[in-house]
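Assemble the whole structure, with the sequences as input and the hints as a guide.
Protein sequences, first through last, are from chains A and B. Take the position in the first sequence, starting the count at 1, then add 8; the result is the number in our numbering. Take the position in the second sequence, starting the count at 1, then add 8; the result is the number in our numbering.
Because the hints were derived from the structure by calculation, they are not lab data. Check before you lean on any hint, since a few could be wrong.
Since copy identity is lost for identical chains, a pair holds within one copy or between any two.
Pairs of lysine-lysine residues, derived as DSBU-like cross-links and limited to a Cα-Cα distance of at most 30 Å, are as follows [to be verified]:
#1 Lys17 to Lys110
#2 Lys45 to Lys17
#3 Lys60 to Lys30
#4 Lys134 to Lys60
#5 Lys17 to Lys94
Quick caveat: nothing in here was measured; it's all calculated off a predicted structure.
There are 2 protein chains.
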Amino acid sequence: MVTAVEFQKSEIDSIILQSVKKTLSDICHHLSERNPKYNWTGVYVVVGDNLKLVSFQGAATEHVLIPLGEGLCSLAISRNETVNEKDVKSNSEYLACFLNTKAELVVPVRYGDKPIGEIDIDSDEKGAFDRDDEKFVEEIAEKISPLVKLIYDQNEKNPR
Amino acid sequence: MVTAVEFQKSEIDSIILQSVKKTLSDICHHLSERNPKYNWTGVYVVVGDNLKLVSFQGAATEHVLIPLGEGLCSLAISRNETVNEKDVKSNSEYLACFLNTKAELVVPVRYGDKPIGEIDIDSDEKGAFDRDDEKFVEEIAEKISPLVKLIYDQNEKNPR
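Here it is in structure tokens:
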């Protein structure tokens, strides 16, 4: 007979969640380390009407919960397409995060066709991201989709 | 411009794979620790015509690659249903692994409806597993499905 079933299941949910966050964090770290122009790399997950920061590499940000509708981060979700802003200062939709940031690349993470999260990269260099970066980060977004889906599902079950 | 794209992508595949294996191993460990009758707990993934052991808790086994068709492990895949053998010695389909094993519970891990792997639990106690164990492990199998799918997909791409 199995004992304390509900408790065990919640423990296993927690093992999975912690591990997935750690993996996404390792990937953010990896991307920033390998690509000097990727000064800040983060993964957001859609939670209700917000984007929630789950992992990042770079300076701490106050944008840990972004209401959908604000910033380029939201634009990538509402349009369900990559946003590559070469000069953030020129874009009124940009949500200023770091003073140094000049360019931002936001790539949706999809499950099926539905955007459930995104990879957000800031660069201190104007026009940092070209078509190759877009394509590369889009492929990474596809790779991490099952991981982001796990966080997305757990948040759907236990919204906070 | 992103550099050495293919190399970076393979590194990220490897980060994901290692992390998923570690998570499954933590879960096997957790299941055996919390449930004294679960003397050996392992996760197999379908790779071509074989079942490949990816993570386990308990004694090392020589059954790291089981040709589909052999043992109760294969039966759970071919029937696509839980196999709960209360007395392995009485079942001619049983593939002897440990001398002490008296009962075996094998639960398919599905992606959609397709079995892509399984959780295999051996017990030293005859009739160790009841309907509650089946239900519990079936729920765990559902939880780990996205993780097993990641390993399954990588093996499909790089069969060895």
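Contradicted hints - numbers only: When the structure is compared with the hints, none of them turns out to be violated.
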